[in-house]
Every structure is written in C-alpha cells, then in structure tokens.
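Visitor: Order-wise, the sequence lines are chains U and G. Residues 287 to 715 (the numbering used here) make up the first sequence, in order. Residues 3 to 275 (the numbering used here) make up the second sequence, in order.
Quick caveat, the hints were computed from the structure, so don't treat them as lab data. Predicted, not measured: the structure shown is a model, and the values here were computed from it. Every clue listed holds true.
Cut-off 27 Å, straight-line C-alpha distance, at most; resulting in silico cross-link-like pairs (BS3-like, lysine-lysine):
id : chain 1 : residue 1 : chain 2 : residue 2
1  : U       : Lys674    : U       : Lys637
2  : U       : Lys460    : U       : Lys436
3  : G       : Lys245    : U       : Lys460
4  : U       : Lys467    : G       : Lys162
5  : G       : Lys245    : U       : Lys553
6  : G       : Lys245    : U       : Lys467
7  : U       : Lys489    : G       : Lys162
8  : U       : Lys467    : U       : Lys556
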Amino acid sequence: MNLLLLGMNHKTAPVEIRERLNIACTEDFNPLGEILEIPGIEEALYLSTCNRVEILVRSREEAAAEERLKALIFRHGNLNREELARCLYVYRDEDAVRHLFRVAASLDSLIMGEPQILGQVKDAYRQAVEQEAAGIILNKLLHRAFRVAKRVRTETGLASHAVSVSYAAVELAKKIFGTLKGKKILLVGAGEMSELAARHLLKHGGDQLLVANRTRERAIQMAADFQGTPVDFDRLGESLREADIVITSTGAPGYIVTGEMVAAALKRRKNRLLFLIDIAVPRDIDPRAGNLDNVYLYNMDDLQEIADENMAIRREEAARAEEIVADETGKYLAWFNTLAVVPAIVSLRDKAAAIIAGELERSNGWLRNLRPEDREGMELLAQAIVNKLLHDPMTCLKEESQEGAARAYVAALRRLFRLDGPGKEKGDS
Amino acid sequence: MDFYLLLYRLVLGAYLVSTLTYMFSLLSRRVTPAKAATWIMTGACGLHALFLAGQWLGKGYNPFLRIHDILSFFALVMTGVYLAFQLRTKTRVLGVFVSPVVFLLMIVSSIGSDGTLTAPAVLQGWLVSLHAMLSVIGEALFAVASAAGLAYLIQDGLLKRRQASRLMKLFPSLQDLDRINHACLLWGFPLLTLGVVAGSIWARTVWGAHWQWDPKQVWTLAAWLIYAVLLHQRLAIGWKGHKTALLSVVAFVLLLAAFLVEKYFFTTIHQFY
Chain U
287 MNLLLLGMNH KTAPVEIRER LNIACTEDFN PLGEILEIPG IEEALYLSTC NRVEILVRSR
347 EEAAAEERLK ALIFRHGNLN REELARCLYV YRDEDAVRHL FRVAASLDSL IMGEPQILGQ
407 VKDAYRQAVE QEAAGIILNK LLHRAFRVAK RVRTETGLAS HAVSVSYAAV ELAKKIFGTL
467 KGKKILLVGA GEMSELAARH LLKHGGDQLL VANRTRERAI QMAADFQGTP VDFDRLGESL
527 READIVITST GAPGYIVTGE MVAAALKRRK NRLLFLIDIA VPRDIDPRAG NLDNVYLYNM
587 DDLQEIADEN MAIRREEAAR AEEIVADETG KYLAWFNTLA VVPAIVSLRD KAAAIIAGEL
647 ERSNGWLRNL RPEDREGMEL LAQAIVNKLL HDPMTCLKEE SQEGAARAYV AALRRLFRLD
707 GPGKEKGDS
Chain G
3 MDFYLLLYRL VLGAYLVSTL TYMFSLLSRR VTPAKAATWI MTGACGLHAL FLAGQWLGKG
63 YNPFLRIHDI LSFFALVMTG VYLAFQLRTK TRVLGVFVSP VVFLLMIVSS IGSDGTLTAP
123 AVLQGWLVSL HAMLSVIGEA LFAVASAAGL AYLIQDGLLK RRQASRLMKL FPSLQDLDRI
183 NHACLLWGFP LLTLGVVAGS IWARTVWGAH WQWDPKQVWT LAAWLIYAVL LHQRLAIGWK
243 GHKTALLSVV AFVLLLAAFL VEKYFFTTIH QFY
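Using the sequences provided together with the hints, build the complete structure.
Guide: Listed below in structure tokens is the structure:
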C-alpha cells in the first residue's frame, strides 16, 4: 500500500515541542512542497493543529522516505534525535489508515468528540489538493475519512454530550426551553466561568443579557462588553421576573437570591420556567428555590458532575465509534486491494472482446446468409459463452486480492491468457 | 382479498411497527429509531385517512355510527395531531406515548368490526355525525395533551434530579411539551363543547329534551368541567408547566375511567359508542 504516517500528538509530545514544530511548519515554509521533493513520495498530506502534527505520504521507497521525513521534522522542529524518537509515532498501511480515520472521527482528540478536528482535516486535504499533492489513493482515503467522521457523528453519541461546565449549562437550557431564542439571561456578579456560560448561551440563541454587579461601574462595563443592559443589583427581584436564565457568581458570603425572592418572582412571571445556574462558591442562591415548581436550580457541583458523567457516556460511545473505524478501514483496504487486479481484469475483458470481434469477422462469409435476427442471436451467444467462461476467474481474482495473494494470481493470469502480448511472451520463455 | 380489508391490515401493521420502533428508541436511548418510527407513523396515518375516506365517500358508509369506527377515527385524529406538532417541534420521542395508544385503539376497533350494522332510525342525520366527529376530535386532542403532560412530568423529574442521563437527552424540552399541552387544550375544549351542543340539539329533536342525565352525559360533563377549570387556570391564573401537566394527565385518566365504567356498568342511550 506504501502508506506512511508520521506524527506526534498531545499524548506523545509535550506542548513545547508541538508548538515549535507547528510554528516552524506554518510560518517558515510550505511543508507540502518540501515533502513532495523527497524522491519516491507520490502523494502527501500535512495536518497540523495545536494538539497534533501529522504527515501522511504514499511513497515507493518507504524506508528512505521515513528517514527523509524524520530529518525534515528534526530540522524544522529543532529537535534532537532522542526527543524525536520519544515523541514521534510511525504508522504504515493499514495502521496509517486506521489512525487517520480515528483522528478525523475525533477519537484521538484531547477532548474526545470535539468537532473542530474534522474541519482541520478538511483544510489539510484542501491544501493538498491545491498543491496537487493528493492522488487517487489519498483522495479516496480522505473522502473515506470524512465519511467515517460523519457516521460517527450521526450513529454514535460521541459528540453529543456536553463535557464542559458551560456547555452543560447550554444543554440543560435547551432541555428546558427548547430553543434559546428570545430568552433573557441575567448575569449576576463577574467571573470567568459565568461569563463563558453567558457567552455560550448567547451564541446558542439567547438574545438579551442583563448584567447586575454590586459595583455599578463594573456592571456598566460588562454590559458594554456583552452588548447587554446593566440592571440594579439591589433590585434583583425585579430582574428575576424578566429573566429566563440566571447565572450567579458573586463573592457574597450568604445567599443573594432567596427562596422567597424566587417564589415572588415566579408568581409575577406567571410561572414561566426559570433556569437558575449558581456558579458561586459559597453559593449565591438558596437551594430551596430549586424545590419550587417550574424552577430548575443547578450549582457548580451539579454541572461539573453532569460534565463528568457525559465524559463517561462519550467513552462508552467511543467503543461504538471504534467499530465504525474498523469497519471503514476494512472497506478501504478492500477497495485498495481490488485496485491491484483492476488492470489485469480490464486487459482480460479487452482481449475477450477482441477475440469475439475477430471470430465474427472471420465467419462473416456464412453469417451473412442468416436472417438479421439469427445473426444477432449468434453474436449474443458468443458473448454469453465468453462472459460465462471469464466470470469465475475474475470473481476469484477479486476475492484472492483480499487475501493479499493478488500478485501471484495476476502474474498467472497474465501468463495464461498472454495478456502482455505475444512478443513479450516469447521473450519470457 | 377485499381492497379495504387489505388496506386496513396494512394500516394496523404499520401502526404496530411504528410503536415497536418507538419502544426500541426509548430502550436503546437513541433518537435515530424514533425518526424512522415517525416516518412509519406518517405512512400509517396517510393510509388510515385513505381507508376512512374511502369507506365514507366511496362506500357511503357513515364512520361515526359504530364504536369500532369511532375508535378508528379517534386513533387517526390522535396520530394526525401528534404528527402536526412533530413537524413544528422536534418532539420525536413523544411518539412513545402516542403510538401504543393509537395501536391499542386500532386493535379494539378491529375486534368485531366485520358484519354490518344498521343504525336505528334515531341515529341518522348529519347532526349525529357532527356530534360524534367534534366530540371525538376534542377528546383525541385531550389524549395528546395528556401524552405531552406525561412526557413533561418525566422530563421535569429528570431535570429536578440534576443528573446527566441519556433519557433526559432523548426526551423533548419542557417548553415544547408545555406548548403542545396548551395548544391541545385550547383547541380540544371548544371542539368538545361544540360536540356536546350539537348532541343536545339533536337530542331535543329526538327525545324532546336537551339533557337526559344519561350516565355518559354525566361523566362527560364532569370531564368537561375539569378541563374548563384547567383551561381557566392556564389562561387566567397563569398556570404553566408542572401543575397543568399533572392535571391534564389526571383529567384524561378520569375521562378514560368514565368511558370504561359507563360502558360496562350502565345502560345508556349512548350504547352505540
């Protein structure tokens, strides 16, 4: 198959090394051009993200290519041999195919199931196409990789369970409100996590943000950052009536939102659903508020637990994804193997067609006397006999190609049927 | 085989397959089978409508006279209403509650549906059909409302438990379920009311009295009152979510109990239904 994959990822290489290689490769030179200059390399793909660097090539001389590629990484990454040996993995043929499929399906990612990697693989492939580095083998391989990613996304839950606290909040909000469109979000207090959650909620359709802070200036400033509206910190009860999703993260020692406040707000908001997210430690919202009908209260621990449980679900789903990868790897190999027998089959068919045409031509003398429909029947008969005769050897050849014994069979076929022409045959014997 | 019999069996089979597929979706906690089930159900609904329309228009057979046909019509309306909501909100797994009910209705309806029955003279006229049709549509809407209510209670419980679960991810959002519940009550109530009014106008022409205190009428009145209260609380007081879901489930259970009790323990002028 002559596929060779060299790479390093977040598991094998520390971030300093990946960084160095990454910067070196993207800024200083165009790696594809240089890779293609290595003799024997016919196709190449270069993928680099902040978590991985992968070089995939098809080469006629694998051993030489591997050395040259290592030297290239060595040079540009400014690494010593020892570091390189520790960080680099090398896959060949079937293993290379499987690895690429796993990468595209996000099984090999730092956060399994994250969606960006597929886009990055697509970009890498586009670059390879633009630089004419992708031929028939890589084209098929990459399209298969996209297919694997799609199947994993639709057939397994690998990508569909939020594994960060802020995304868990978005997922819950969607289970409560369906769509976040038109939902008002109230952000109380400041903090990295709460602001991130607010940003995610806004990105997923939430369209109005109210900001409350004990310091009025801070509220105004944050409101400006988020294009939201500052509201009075001392009149949170009022804002509770308006908002659908409330995120709190103040440094207050006690509860700033009491059960009574929520109950009163609920009455005034005519029992519209209310989602309270308490990210503060110590907590900002009285846990009794969560017992009220139509109020859903989650604190930091709840969200973290959900994110962890989702990670466990993703790991379960990964097993199903691996099955898809194995299945598709098998299919790709099967396709690749038939590739070896295709030319032989084509020449066999051509030869058969030539024989039929020749024999019909020779018998033209008496065939001419037949009625046109009989002549046609005659031609069909000849065709049918030849097809029947060739059917078994061709099927057998395709099957044998899967067992890895194609070369011997192709050679035998070429010799038995003299597919390489009489001249060459004489030379051989 | 008779074309209509074949069609009927096809409809029955499709409902069964869709029910099983929905069940599978629930058990495997995956949404893909539910998507397939929705398509199967859509097909079943189309064939079912074709069957009833053919019977009614083609054969000139009034489908609102016998209990079997009424049940079949009930199932059709329920399916249609559910699918209409499914189009607007992607509440796929709600079908888990709707499809078995529909299938059971069809099974009950198919028992003894052979043989023809000539309705007594009093049960003829367009007003009877109107009465039956409107009441059935109203009650089918209540049935969907209660299915949405049940799903709401389950999802509400899951969200209150504060744990990640595949079931929670599979179930529709609270707001969508509440909206379905609301819309079904809003449409079901006036339709049932009109159905009852049509019935009483016709009763007056036949028996000389609008109201007979017939057991079925009493039960229906009780259910009507519960739904009136429910709708009032929703619209005027602003009840939403958990409470309405609970009450609409309870109300429908009462309605169902009424149906069974009066059918087996009372004699009624509604004996045909």
